[in-house]
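In terms of this note's numbering, the sequence shown is numbered consecutively and its last residue is 176.
Among the clues, some could well be false.
Said to hold, decoys possible - Each computed DSS-like pair below joins lysine-lysine, with the alpha-carbon atoms no more than 25 Å apart: (1) K130 with K80; (2) K42 with K53; (3) K173 with K53; (4) K139 with K83; (5) K173 with K90; (6) K173 with K130; (7) K42 with K80; (8) K83 with K173; (9) K173 with K42; (10) K90 with K80; (11) K139 with K173; (12) K139 with K90.
In short, the hints are calculated from the structure, not lab data.
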Amino acid sequence: MAEHVEVLLTEAEVDARIQEIGEQISRDYQGRQVHLICVLKGGSFFLCELAKRISVPVSLDFMSVSSYGSDTKSSGVVKIVKDLDESIKGKDVLVVEDIVDSGRTLSYLLEMLQDRGPASLRLCTLLDKPERRVVDVKVDYTGFQISDEFVVGYGLDYDQRYRNLPYIGIVKFDS
Numbered sequence: 002m003a004e005h006v007e008v009l010l011t012e013a014e015v016d017a018r019i020q021e022i023g024e025q026i027s028r029d030y031q032g033r034q035v036h037l038i039c040v041l042k043g044g045s046f047f048l049c050e051l052a053k054r055i056s057v058p059v060s061l062d063f064m065s066v067s068s069y070g071s072d073t074k075s076s077g078v079v080k081i082v083k084d085l086d087e088s089i090k091g092k093d094v095l096v097v098e099d100i101v102d103s104g105r106t107l108s109y110l111l112e113m114l115q116d117r118g119p120a121s122l123r124l125c126t127l128l129d130k131p132e133r134r135v136v137d138v139k140v141d142y143t144g145f146q147i148s149d150e151f152v153v154g155y156g157l158d159y160d161q162r163y164r165n166l167p168y169i170g171i172v173k174f175d176s
């Protein structure tokens with residue numbers, strides 16, 4: 002099945018919103034260091050741009066968690082592909098995600114991270130689809146709330162394609 006991508010959020014809109022989030026995080030963590038945990042692979046584009054806009058000290062770590070495979074809907078089965086390299090005990094942790102959809106994956110991930118003893122644990126996402134929520138997840142920083150469309154770009158993919166688009170687009174399937 003062939004597909005094409007229609008622009009939902011331009012590169013300029015995404016860039017401006019990331020700047021605003023970075024400034025808010027800098028205010029909220031004033032006088033502290035924030036430990037960013039990027040959820041790979043999709044979150045890497047957002048993390049890089051966000052980290053550049055945070056003025057307080059930042060440290061980074063990465064996790065790879067999967068629940069999609071090559072489909073457009075979450076399978077509901079969470080698989081830890083890569084765990085953290087360092088302990089988060091006593092750290093102010095901010096999980097950076099590309100999109101919050103059903104909430105299943107992040108609910109599992111946040112519960113697992115909370116059990117590791119961080120001083121604080123918050124969630125930052127570029128995109129949020131609240132109408133798709135199956136499990137309640139508190140999102141502390143949201144770039145954009147979007148409707149239930151399958152989106153790509155800025156790290157988000159469809160079967161490993163379109164991650165490198167500098168904007169957020171909607172995948173439209175041709176008949």
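Hint-by-hint comparison with the structure:
no.: 1; hint: K130 with K80; in the structure: 21 Å, holds
no.: 2; hint: K42 with K53; in the structure: 18 Å, holds
no.: 3; hint: K173 with K53; in the structure: 32 Å, violated
no.: 4; hint: K139 with K83; in the structure: 23 Å, holds
no.: 5; hint: K173 with K90; in the structure: 43 Å, violated
no.: 6; hint: K173 with K130; in the structure: 18 Å, holds
no.: 7; hint: K42 with K80; in the structure: 14 Å, holds
no.: 8; hint: K83 with K173; in the structure: 31 Å, violated
no.: 9; hint: K173 with K42; in the structure: 22 Å, holds
no.: 10; hint: K90 with K80; in the structure: 23 Å, holds
no.: 11; hint: K139 with K173; in the structure: 30 Å, violated
no.: 12; hint: K139 with K90; in the structure: 21 Å, holds
Violated hints for the displayed structure, listed by number in ascending order: 3, 5, 8, 11.
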